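Asker: Work the whole structure out from these sequences, hints included.
These protein sequence lines map, in sequence, to chains A and B.
Going by the working numbering, the letters in the first sequence line up with residues 39 to 247, in that order.
Going by the working numbering, the letters in the second sequence line up with residues 6 to 193, in that order.
It is worth saying that the hints were derived from the structure and are not from the lab.
Note that the structure is predicted; figures quoted are calculated from it, not measured.
Some hints could be false.
As the list claims (entries may be wrong) - Here are the simulated SDA-like pairs of lysine to any residue, each with C-alpha atoms no more than 20 Å apart in a straight line:
1. Lys69(A) <-> Val111(A)
2. Lys69(A) <-> Arg126(B)
3. Lys117(B) <-> Lys212(A)
4. Lys104(B) <-> Arg145(A)
5. Lys195(A) <-> Ile176(B)
6. Lys212(A) <-> Pro191(B)
7. Lys212(A) <-> Val155(B)
8. Lys212(A) <-> Ala172(B)
9. Lys94(A) <-> Met84(B)
10. Lys212(A) <-> Val152(B)
11. Lys69(A) <-> Gly128(B)
What the hints assert, rightly or not - Across the chosen pairs, the derived CB separations fall in these ranges:
12. Asp101(A) <-> Arg53(B): 48 to 54 Å
13. Gln80(A) <-> Val50(B): 48 to 54 Å
14. Thr107(B) <-> Gln242(A): 31 to 37 Å
We put the CB at the ideal spot given by N, CA and C, even for glycine.
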Amino acid sequence: MTMRARLTLAMVTATAMATLGSSLARAQGLKLCAPGDRRLDQATCLAYRAVLDSAKRLKLPTDAIEDKAVQGVASESDGPMIVAAIQRLLTNLYAAKQSLGRNASDRDLKAAANALDAGATTRDLAVLAAAAVPRTRSLETPLTVLVELAAQVPMVKVIPDVKWMLQAAVSDAKFQSYQRDVQAQIALGGDPTIVANRLSRAFQPIPHH
Amino acid sequence: MSDEHERIIDDVVHALRNDAPIEPMMDERVMTVVRGLPRHGRRHVLSRLTRPRNVMVSPLSWGLIAAGALFFAAGAGAMVSVVVRARAASRVAVADTAKSVTFTVVAPNATKVAVVGSFNRWGTLSPAAQMKHQGGGVWTTTVPVHVGAVEYSFVVDDSLWMADPTAPRVIDNDFGLPKSAIIITPDQ
Numbered sequence: 039m040t041m042r043a044r045l046t047l048a049m050v051t052a053t054a055m056a057t058l059g060s061s062l063a064r065a066q067g068l069k070l071c072a073p074g075d076r077r078l079d080q081a082t083c084l085a086y087r088a089v090l091d092s093a094k095r096l097k098l099p100t101d102a103i104e105d106k107a108v109q110g111v112a113s114e115s116d117g118p119m120i121v122a123a124i125q126r127l128l129t130n131l132y133a134a135k136q137s138l139g140r141n142a143s144d145r146d147l148k149a150a151a152n153a154l155d156a157g158a159t160t161r162d163l164a165v166l167a168a169a170a171v172p173r174t175r176s177l178e179t180p181l182t183v184l185v186e187l188a189a190q191v192p193m194v195k196v197i198p199d200v201k202w203m204l205q206a207a208v209s210d211a212k213f214q215s216y217q218r219d220v221q222a223q224i225a226l227g228g229d230p231t232i233v234a235n236r237l238s239r240a241f242q243p244i245p246h247h
Numbered sequence: 006m007s008d009e010h011e012r013i014i015d016d017v018v019h020a021l022r023n024d025a026p027i028e029p030m031m032d033e034r035v036m037t038v039v040r041g042l043p044r045h046g047r048r049h050v051l052s053r054l055t056r057p058r059n060v061m062v063s064p065l066s067w068g069l070i071a072a073g074a075l076f077f078a079a080g081a082g083a084m085v086s087v088v089v090r091a092r093a094a095s096r097v098a099v100a101d102t103a104k105s106v107t108f109t110v111v112a113p114n115a116t117k118v119a120v121v122g123s124f125n126r127w128g129t130l131s132p133a134a135q136m137k138h139q140g141g142g143v144w145t146t147t148v149p150v151h152v153g154a155v156e157y158s159f160v161v162d163d164s165l166w167m168a169d170p171t172a173p174r175v176i177d178n179d180f181g182l183p184k185s186a187i188i189i190t191p192d193q
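Answerer: Printed below as a string of C-alpha cells:
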C-alpha cells in the first residue's frame with residue numbers, strides 16, 4: 039500500500055469515527071460532559087457515562103440519572119458526592135424494576151426509586167404493586183404521595199394505608215386529596231401517624247359480618 | 006532428416022488423425038467417477054475467501070473506496086440524527102401535555118428569586134425560572150411543567166435554597182437540598 043493510500047485511508051477512518059462519535063454522544067444525551075463543558079471533572083464524567091451506559095443497557099430511564107447529576111451540579115456538590123448519588127439512583131431504579139415488573143413505566147420506576155430512597159423496601163413495592171386495582175394502573179401518584187407522607191409519618195405506618203387505598207382502586211385525584219387532608223390536619227397539630235391512618239380508613243373495605 | 010524418419014512421422018500423424026476407438030461403457034464409467042467426486046461446499050468458498058492474496062488497487066479505486074466510506078459515515082450519522090430528532094420529537098410531545106403552573110413564594114428581603122426543577126434542568130439562568138416581584142415580598146412566575154410528579158425548589162439571591170412552604174417536602178438524601186414535590190395531572 040502506498041503512502042498516499044495509507045493517508046487517504048487514515049483520513050476516511052478518522053472522519054467516519056468523528057461523525058459517528060459526535061452523533062452517538064448527542065444520542066446518549068451526555069449534555070453535562072459535552073466537549074467544552076467543565077461543570078464536571080474528568081473522573082466524574084467517566085463515572086457519569088458509565089452509570090448512563092448501565093442504565094441504558096438495563097432499560098432504565100436515563101433522564102432520571104441526568105436530572106440527579108444536574109441537581110448535584112446546581113447544588114455545587116463535589117464529584118464523588120454526585121457519583122454516589124447517581125449510582126444509588128441506578129441501584130434504586132433497578133431494584134424498582136425488579137419489584138414492579140418489566141412492564142413498569144419510566145414514571146413508575148422513578149417514583150418507586152424515590153420511595154426506596156425514602157425508606158420503602160423492595161418487598162413493600164412488590165406488595166403495593168400486587169395490591170393495585172386494576173393491576174395496570176400507574177403507581178406514580180400513590181408512590182409520590184407515599185414519599186411525601188414518609189417525610190412526616192414512619193414508612194412502616196404509611197405503607198398499609200397506601201396499600202388499602204390501592205386495593206380500593208382509589209383514583210389519583212383522591213390520593214392527592216388524601217395527602218392534602220393529612221398535611222392540613224398535621225398543620226393543625228394532629229399526630230401524623232394517627233391522622234394518616236384515620237383518613238385512609240375512609241377507603242378501607244367494610245368488613246362483612 | 007532421413008527418409009526413415011519422414012516415414013515414422015507420417016505414420017504417427019496418420020495414427021493421430023484417426024478417431025480413437027471408445028469402449029461402449031466409457032460414458033457410464035466416466036459419469037460414475039464424476040458422481041463419486043466430492044461436491045463444492047461452503048468450506049471451499051470459505052477457504053477461497055480467507056486465502057491471502059495480493060490485490061492490485063489503482064489510485065482511482067482508492068478514491069472510490071474513500072468516497073464509499075464517507076457515504077457510509079454520512080448515512081450512519083444521518084440515521085443517528087434521525088433517532089435523536091425522533092427522541093426530541095417525543096420530548097416535544099411530552100411538552101405538549103405540559104401544564105402552566107404558577108409558583109408563588111413570599112420572600113420579603115430577597116432581591117432575586119428563581120424556581121428550579123427538572124422542568125428547567127435545575128438552572129436559575131433560564132428566563133422562565135426568574136420570578137417577578139409582585140409587591141409585599143410576593144414573588145411569582147408561571148412555567149410549563151410536564152404532567153406527573155415534579156420536584157422543585159426556590160433559590161433566593163442565587164444562594165439560599167428553600168422548599169415551598171405550601172407544598173409537601175421531599176427528603177433529599179443525596180445533596181441535602183430542600184425540595185418540594187407536586188403532582189401535575191392532565192385535568193388540572
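Asker: Give a verdict on every hint.
Answerer: Hints, verified against the model:
{"no.": "1", "hint": "Lys69(A) <-> Val111(A)", "in the structure": "holds (12 Å)"}
{"no.": "2", "hint": "Lys69(A) <-> Arg126(B)", "in the structure": "holds (11 Å)"}
{"no.": "3", "hint": "Lys117(B) <-> Lys212(A)", "in the structure": "violated (36 Å)"}
{"no.": "4", "hint": "Lys104(B) <-> Arg145(A)", "in the structure": "holds (17 Å)"}
{"no.": "5", "hint": "Lys195(A) <-> Ile176(B)", "in the structure": "holds (17 Å)"}
{"no.": "6", "hint": "Lys212(A) <-> Pro191(B)", "in the structure": "holds (15 Å)"}
{"no.": "7", "hint": "Lys212(A) <-> Val155(B)", "in the structure": "holds (18 Å)"}
{"no.": "8", "hint": "Lys212(A) <-> Ala172(B)", "in the structure": "holds (17 Å)"}
{"no.": "9", "hint": "Lys94(A) <-> Met84(B)", "in the structure": "holds (19 Å)"}
{"no.": "10", "hint": "Lys212(A) <-> Val152(B)", "in the structure": "holds (17 Å)"}
{"no.": "11", "hint": "Lys69(A) <-> Gly128(B)", "in the structure": "holds (14 Å)"}
{"no.": "12", "hint": "Asp101(A) <-> Arg53(B): 48 to 54 Å", "in the structure": "holds (51 Å)"}
{"no.": "13", "hint": "Gln80(A) <-> Val50(B): 48 to 54 Å", "in the structure": "holds (49 Å)"}
{"no.": "14", "hint": "Thr107(B) <-> Gln242(A): 31 to 37 Å", "in the structure": "holds (36 Å)"}
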